[in-house]
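Sequences and hints are given; from them, build the entire structure.
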Amino acid sequence: SAVISQKPSRDICQRGTSLTIQCQVDSQVTMMFWYRQQPGQSLTLIATANQGSEATYESGFVIDKFPISRPNLTFSTLTVSNMSPEDSSIYLCSVDWTGTEAFFGQGTRLTVV
Amino acid sequence: GNSVTQMEGPVTLSEEAFLTINCTYTATGYPSLFWYVQYPGEGLQLLLKATKADDKGSNKGFEATYRKETTSFHLEKGSVQVSDSAVYFCALNHNTDKLIFGTGTRLQVFP
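Chains as they are written, first to last, in the numbering used here: chain Z, 91 to 203; chain B, 3 to 113.
Just so you know, the hints here were simulated from the structure itself, not pulled from any lab data. For every residue, glycine included, the Cβ atom is placed at its ideal position computed from N, Cα and C. Among the hints, erroneous ones may be present.
[Claimed, not checked] Derived DSS-like pairs (lysine-lysine); straight-line CA-CA distance at most 25 Å: (1) K51/B to K62/B; (2) K58/B to K100/B; (3) K51/B to K70/B; (4) K100/B to K97/Z; (5) K100/B to K70/B; (6) K155/Z to K100/B.
[Said to hold, decoys possible] Rough simulated footprint, nothing fancy, chain Z against chain B, three-plus residues with beta-carbon under 8 Å: (7) 39-53; (8) 100-108.
What follows is the structure in structure tokens.
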């Protein structure tokens, strides 16, 4: 199994600012995923991050708003840019370890005021 | 496209009651099916999975059977405990690395 550490675990941010969320995995993985879980809703995939290439964004998400870095096979960051209250969510990092099972970090609870 | 539909919650039960959380899916072919659980303040954890028709996934007293004929993967437990209180997500994966989640069902178990 994979152990995924995410930080910060929570933050309260002012609108118009940006927050960078870090995701560290204890082993090398090819693909890392970033999800958003809005209050009371399910998980929505934001983007897939591969090492050495640009992230692939899902419909409704753009690089300018959610830039992603993937400098190596164990680390990724997601930045939430120019935040508004609508960005208040839990952001989750995930890796697909075996091809049939995904592992998740504990999430970053973001509140924008 | 592929999708997952879950029963809406919250589901409120007394301890030792029988639990069913319904999940149906839409997909061509044979996707892999999963149940994930999210305990308060934590990330998602895989609860059980099934990768082909008629497979039964089981873990911690929970079971779900992959029913191709009804495109369902209902979660069941014979006797719930207070510690089972959490949000349960049904999900599928079909020929990609992406998981598609249902909306989640909150379970509340009272002593």
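Hint check:
1. K51/B to K62/B: holds (13 Å)
2. K58/B to K100/B: Cα-Cα ~22 Å, so holds.
3. K51/B to K70/B: Holds. K51/B to K70/B sits at ~14 Å (cutoff 25 Å).
4. K100/B to K97/Z: holds (23 Å)
5. K100/B to K70/B: holds (21 Å)
6. K155/Z to K100/B: Holds, at about 21 Å.
7. 39-53: Check passed, 8 qualifying residues.
8. 100-108: n = 6 at 8 Å, threshold three: holds.
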